[in-house]
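> Read off the chains here:
Number of protein chains: 2
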Amino acid sequence: MGSEKTQPARGMRDFLPADVRKREYVIGVVKEVYERFGFEPLETPAVENIETLLGKYGEEGNQLIFKILKRGVHESTGEADLALRYDLTVPLARVVAEYRDKLPKFFKRYQIQPVWRADRPARGRFREFYQCDVDVLGSRSMVVEAEIIAAAGEALMKLGFDDFTIRLNHRQALTGILTAAGVPLEIHDAALVGLDKLDKIGRDKVQTELTERGIANAPANTLLDFFADLASLDDAAQIAIEESHEAQQLALNSAILGRLVEFVGSDEIGARGIDELQSILQLCAANGSASRIRIDPGLARGLSYYTGAIIEIHVKDLAGSLGGGGRYDGLVGMFLGRDVPACGFSLGLERIIVVMAERGMFPPALLSAPADLMVTIWNEDTIEDSVVLASELRRESLRVDLYPEADKLGKQFKHASARGIPFVVILGDEERARGEVALKDMRSGDQKSVKRENIASEVRQLLAES
Amino acid sequence: MGSEKTQPARGMRDFLPADVRKREYVIGVVKEVYERFGFEPLETPAVENIETLLGKYGEEGNQLIFKILKRGVHESTGEADLALRYDLTVPLARVVAEYRDKLPKFFKRYQIQPVWRADRPARGRFREFYQCDVDVLGSRSMVVEAEIIAAAGEALMKLGFDDFTIRLNHRQALTGILTAAGVPLEIHDAALVGLDKLDKIGRDKVQTELTERGIANAPANTLLDFFADLASLDDAAQIAIEESHEAQQLALNSAILGRLVEFVGSDEIGARGIDELQSILQLCAANGSASRIRIDPGLARGLSYYTGAIIEIHVKDLAGSLGGGGRYDGLVGMFLGRDVPACGFSLGLERIIVVMAERGMFPPALLSAPADLMVTIWNEDTIEDSVVLASELRRESLRVDLYPEADKLGKQFKHASARGIPFVVILGDEERARGEVALKDMRSGDQKSVKRENIASEVRQLLAES
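As given, the protein sequences belong to chains A and B, one line each in that order. Going by our numbering, the first sequence opens with residue 1, and the numbers climb by one from there. Going by our numbering, the second sequence opens with residue 1, and the numbers climb by one from there.
Next comes chain A alone, as it looks inside the complex (with noise of 0.2 Å):
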């Protein structure tokens, strides 16, 4: 008896009822967002057979998969056939391949799910949460990229983040600066490994990096060159921003993307993608999330699915980013045997929350009590009377809590001040005998005899007065 642990497992998290509210909160602004911009909801099983995930997420990724033991007498050879939901996004590749014929020729889904990640769990890290993703497929049209992204930024707005930037990359840019730094093709996964560190660990150690990944002397500094000529182009540009002219915001973006044009040259690929990216510009100037857009020409993301447009949304207290997404034309393929087109974003729930948590965003109103009132009990002879009350009450649509025990009243009213309920309702037998009931305001402590009809309307209004 009492031996058993009992805290949740390892990386996982139990929410108590206030931590329930917030994040039914985010939920449902985010779910009111997308729905606003024509998505429609999507759930997928949190188990899937074990081939549908391995080999999606790299090397790395395969590892941190939660797998699930064959069951029955298999269970011994330690054989798993299924495995946890690693993203929403194989899964969504894998559904869309299964009910092509019934899914619209455009389909726009959100899936705000849990998955789950076998990594150490760390401050902020858990191995379970929450992804909340838009995705759309079926077109390779630009507009899909610029819905996708007013959709996520107009989600954060609703939540109150006015300060966040999405940064924007697009594969066949960095394809197109690689080739023209001289990098050959076959080692330009592993020159953007080394890359996606500048931010973190600074030139000096990702050119020891490249050199170590065998990237020759010359291209590994041309590409440094590059970056550090963008950097400060950047931090001169900060200075103007600061005092947050969008026009500026707009200005930095054409004298990157200039930089790029120059840079990447006559390279095809490269160009196409400079292309790719000011269309994506030009068509979010249009639906007004222009001004939050910094083209980053060094943003690489890990997943190696990435075809097109690449996007991170980043505020300046989070060291990761808010969540991020891109055109993954490929993934779908895989599944189904011919590419499907594909774009989408993903929010990452507890970083949102831990943001908004720090900043003190959530509203008062989602701290408020888990009932309107509570109907004590005054003894053991009249617990019925209690009943009858906190039913006819919760038929007038009040939230009721209702004591379960004939306890001495102070004993009542301070369970209902723990759990922070505004009013209590006391059935004395005088009261009783005249048809009222004593109505307690826990807050002030008044006291008031109520006729019996009136209980609810009188609640409503005290509520809403205060």
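Certain hints may be false.
No distinction is drawn between identical chains; accordingly, a pair holds when it is met within one copy or between any pair of copies.
Here are the computed lysine to any residue pairs in the SDA-like style, where the Cα-Cα straight-line distance is at most 25 Å [claimed, not checked]:
{"id": "1", "residue 1": "K5", "residue 2": "E79"}
{"id": "2", "residue 1": "K5", "residue 2": "Y99"}
{"id": "3", "residue 1": "K22", "residue 2": "Y130"}
{"id": "4", "residue 1": "K105", "residue 2": "A438"}
{"id": "5", "residue 1": "K31", "residue 2": "D14"}
{"id": "6", "residue 1": "K200", "residue 2": "R13"}
{"id": "7", "residue 1": "K200", "residue 2": "G288"}
{"id": "8", "residue 1": "K197", "residue 2": "E4"}
{"id": "9", "residue 1": "K31", "residue 2": "F15"}
{"id": "10", "residue 1": "K105", "residue 2": "T6"}
{"id": "11", "residue 1": "K31", "residue 2": "L367"}
{"id": "12", "residue 1": "K105", "residue 2": "D329"}
It should be emphasised that the hints constitute simulated quantities derived from the structure, not laboratory data.
Starting from the known structure of chain A, fit chain B onto it as the hints suggest.
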């Protein structure tokens, strides 16, 4: 390419948008009712330490738990250290033990989350399914049972069910019946397993099974005679109840309780159980749920952790139950080291949805379009204008789809029709020159010119009229 399986894993389901909307509707109604009863939301992780779950659900339950491989180098040993949530009650007991200082004395929580069981999939039986639980911890008062019965019943009524029966029994009444029949205490459990099948396999086969389980002929006959007597009482009343007189339902419960008192006689444990049944009935009369209750002295339910009331809700057109629950005063003690009284009820979301779908109980509004209107694209040169318009209309809180490509208009209309979107906006050159757009009603085919600034109000009005 394309060789991958695309179905969900065995016994698991994908939910396309129309399915998700139905599920969210049911969950929303259940939550609203539970909140009205003063219950607060709780969420626990999908993954628990394996020891938390093992040994809590009996031998059969242990077999059905999905077990997760220990990660890293341990994967090859086949050792499992984690497992998927099997129900919402054991995690609740763990939570109450872990956060006892943070939770109110009487903790009333609801929890609506999926659980996983490695059961053999069958019609209506899945390996991932949602439970909607309410539980009250901290009180032995029968007010708790009455509240839980009323809350579950109210949730079903709000969903449109008006024909369900709440079967009610008591663990100690069962003990009293078996003792009175002369079954030795140490084989009570074996006898219950046999008795539980009376409805399904009939008296003769149960008699054989009881003999096999070591129950002597005399007590077995006494038992089966008693239940046959109750069944005849039931059949006699059934005719009267078809006329739906609540009073007759209550009279039947009185008659059954009378026979129970008579049969159990002076057995102390049995008498206590019957007393509690009577208290619960009385309190349910006060909250308006008594007329749905049927005292069912044969109801046992599989789970061994029940210590008091046992509850199950049935409708005639479903073989299993819509939900079940009861009192389990010992479970929290397995984690905490001291007992905490507890009572709860779990509604099965999947079964509710099956019956509602078969009966056509979902409100038609749920089948509504994924968007209020779709903005079309006139030609490549005016894409940005369409993007601007879609943004404007979303800012007016309309749900707006934006066709992503400059396809022929007919193709764009077809897409809107296929998705059931009622209105389409066309930004033709002539209309644009006049600051207008064409608004097409996809249901009637009617089309008219509307001032750009009036589209939102126009669409809202047309939607309200239809």
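> Could you tell me which of the numbered hints above are not met by this structure, giving the numbers in increasing order?
Numbers 6, 7 and 8, in rising order.
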